[in-house]
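What follows is each chain in one-letter form.
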Amino acid sequence: MRIVLALALLSLFVSPGMAGEAQIAVAANFAEPAREIARAFAAKGAHTARLSFGASGAFFAQIGQGAPFDVFLSADEERPRKLAEEGHGVASSRFAYAMGRLALWSRDAGRAKGEETLREARFDKIAVANPAGAPYGAAAHDAMKALGVADALKPKIVEGASIGQTFQFVETGNAEWGFVALSQTVGKGGSLWLVPAHLHAPIRQDAILLKHGADNAAATAFLDFLKSAEARAIAARYGYETAP
Amino acid sequence: MTSLPPDLWSTVALTLKLATLTTLALLLVGTPLAWRLARSKAWWKEIVAALVAMPLVLPPTVLGFYLLLALGPDGPGGALASLWGARTLAFTFEGLLIGSVIYSLPFVVQPIRNAFEAMGERPMEVAATLRASPRAAFWRVALPLARPGLLTGAVLGFAHTVGEFGVVLMIGGNIPGRTRVLSTAIYDYVETSRWTEANWLAGGMVAFSFAVILATILIERRARARLA
Numbered sequence: 117m118r119i120v121l122a123l124a125l126l127s128l129f130v131s132p133g134m135a136g137e138a139q140i141a142v143a144a145n146f147a148e149p150a151r152e153i154a155r156a157f158a159a160k161g162a163h164t165a166r167l168s169f170g171a172s173g174a175f176f177a178q179i180g181q182g183a184p185f186d187v188f189l190s191a192d193e194e195r196p197r198k199l200a201e202e203g204h205g206v207a208s209s210r211f212a213y214a215m216g217r218l219a220l221w222s223r224d225a226g227r228a229k230g231e232e233t234l235r236e237a238r239f240d241k242i243a244v245a246n247p248a249g250a251p252y253g254a255a256a257h258d259a260m261k262a263l264g265v266a267d268a269l270k271p272k273i274v275e276g277a278s279i280g281q282t283f284q285f286v287e288t289g290n291a292e293w294g295f296v297a298l299s300q301t302v303g304k305g306g307s308l309w310l311v312p313a314h315l316h317a318p319i320r321q322d323a324i325l326l327k328h329g330a331d332n333a334a335a336t337a338f339l340d341f342l343k344s345a346e347a348r349a350i351a352a353r354y355g356y357e358t359a360p
Numbered sequence: 012m013t014s015l016p017p018d019l020w021s022t023v024a025l026t027l028k029l030a031t032l033t034t035l036a037l038l039l040v041g042t043p044l045a046w047r048l049a050r051s052k053a054w055w056k057e058i059v060a061a062l063v064a065m066p067l068v069l070p071p072t073v074l075g076f077y078l079l080l081a082l083g084p085d086g087p088g089g090a091l092a093s094l095w096g097a098r099t100l101a102f103t104f105e106g107l108l109i110g111s112v113i114y115s116l117p118f119v120v121q122p123i124r125n126a127f128e129a130m131g132e133r134p135m136e137v138a139a140t141l142r143a144s145p146r147a148a149f150w151r152v153a154l155p156l157a158r159p160g161l162l163t164g165a166v167l168g169f170a171h172t173v174g175e176f177g178v179v180l181m182i183g184g185n186i187p188g189r190t191r192v193l194s195t196a197i198y199d200y201v202e203t204s205r206w207t208e209a210n211w212l213a214g215g216m217v218a219f220s221f222a223v224i225l226a227t228i229l230i231e232r233r234a235r236a237r238l239a
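One line per chain: the protein sequences are A and B, in this order. Be aware that the first sequence starts at 117, since it is given in the numbering used here, and climbs by one per residue. Be aware that the second sequence starts at 12, since it is given in the numbering used here, and climbs by one per residue.
One or more of the hints may lead you astray.
[Claimed, not checked] Lysine-lysine pairs mimicking BS3-like chemistry, simulated, CA-CA at most 27 Å apart:
# : chain 1 : residue 1 : chain 2 : residue 2
1 : A       : 272       : B       : 28
2 : A       : 304       : A       : 272
3 : A       : 304       : A       : 229
4 : A       : 327       : A       : 160
5 : A       : 343       : A       : 327
6 : B       : 28        : A       : 270
Hints were generated in silico from the structure; no laboratory data involved. In this text the structure is predicted, and so the values were computed from the model without any measurement.
Model the full structure from these sequences, guided by the hints.
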């Protein structure tokens, strides 16, 4: 009897076909949909995904140094490609899981006046993510240049280390405006201007299976799930478009 | 030397300016505070001491988060800033200074308090029998006796401010010449794979920290030798 009990207990931990777990590094802009996608993924019952959020640049540096992530959802295509080239990722697994949209956002309602908001520049501070580490920051600088307001706005810029921190600067009211990911503004109110996509290079967000997760069934299953209609529908609800 | 980052010197200068002003402010605020903590017999003095020591154990992110709210338009910092037409104290040098003073407070108060306590009641009593006013006794007896503690506090407060990262990252906004300090510059370089620059700055910080710790050890040894 005791043995049966012990075996039963043991089976809790090592049941055959045990639900695996994948460690996912997620670019900060995709945090909200990723949480929802991970919940839907776990609900399938086979595996679970544990998420870490941060700037793509920071993850890139960490993965290059052997950080134990199985999958990387970057905010750009550049870093996953480099990781594949350097042997930290599986090149054939790389695909675009979302096309990001940039938004100019204020927590106050009724303030957005399209690109005039930037031309008039009637504000003290505008938050932009560090363009070197965060692709949305680079896109924001593209857009300001395209509108010819880059020099005028330069003294008003405060920099967030990631798009997550950039959003936080605006949400706490410390900066009146900020270039954030459209997905971050979902359900947050305030007012926004959806920056026309032609003003910046497309924000193609690539996912890649990392060396660390190459043999992890949960990691490949998560990537498959990310391609499913269900996951794409979740991403679409947060304003992400599907890659052409 | 071509690999030295171009804005290195302005970043170093800003870091030193922040650390120097923070240390001065902390000596001004911290010395009377340490004196009261050392001499007071009030029951609540250890509650104050615990509050002063809080930044030792609180994650910088907690301080950074509350500072971001407190300095902003919804907090007292925003009200203060509106006096000169600004909306927030975040992203300003003054904001960093406020954050640094809170963050490094225990590093300055504790050594000074220890020094005041170590000298005991006796010197002040002797000074009183020699008809020195309490104020004169404080300036001419207590402060000189506590000099090693003041020095240790100043060195630690300075060094701790130079090494401050989390708070600056959360309320600074990384503005060159205003809020971009060495620790955040290093983070930037690492994050963007510019490891040569990161190495220069990080290596410098390692050497600096070693010098600071060695200096405090030597200060304390000399103080102890003099007391013996």
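inquiry  = To test your reading of the hints: which numbers does this structure violate?
reply    = Hint check: nothing fails, all pass.
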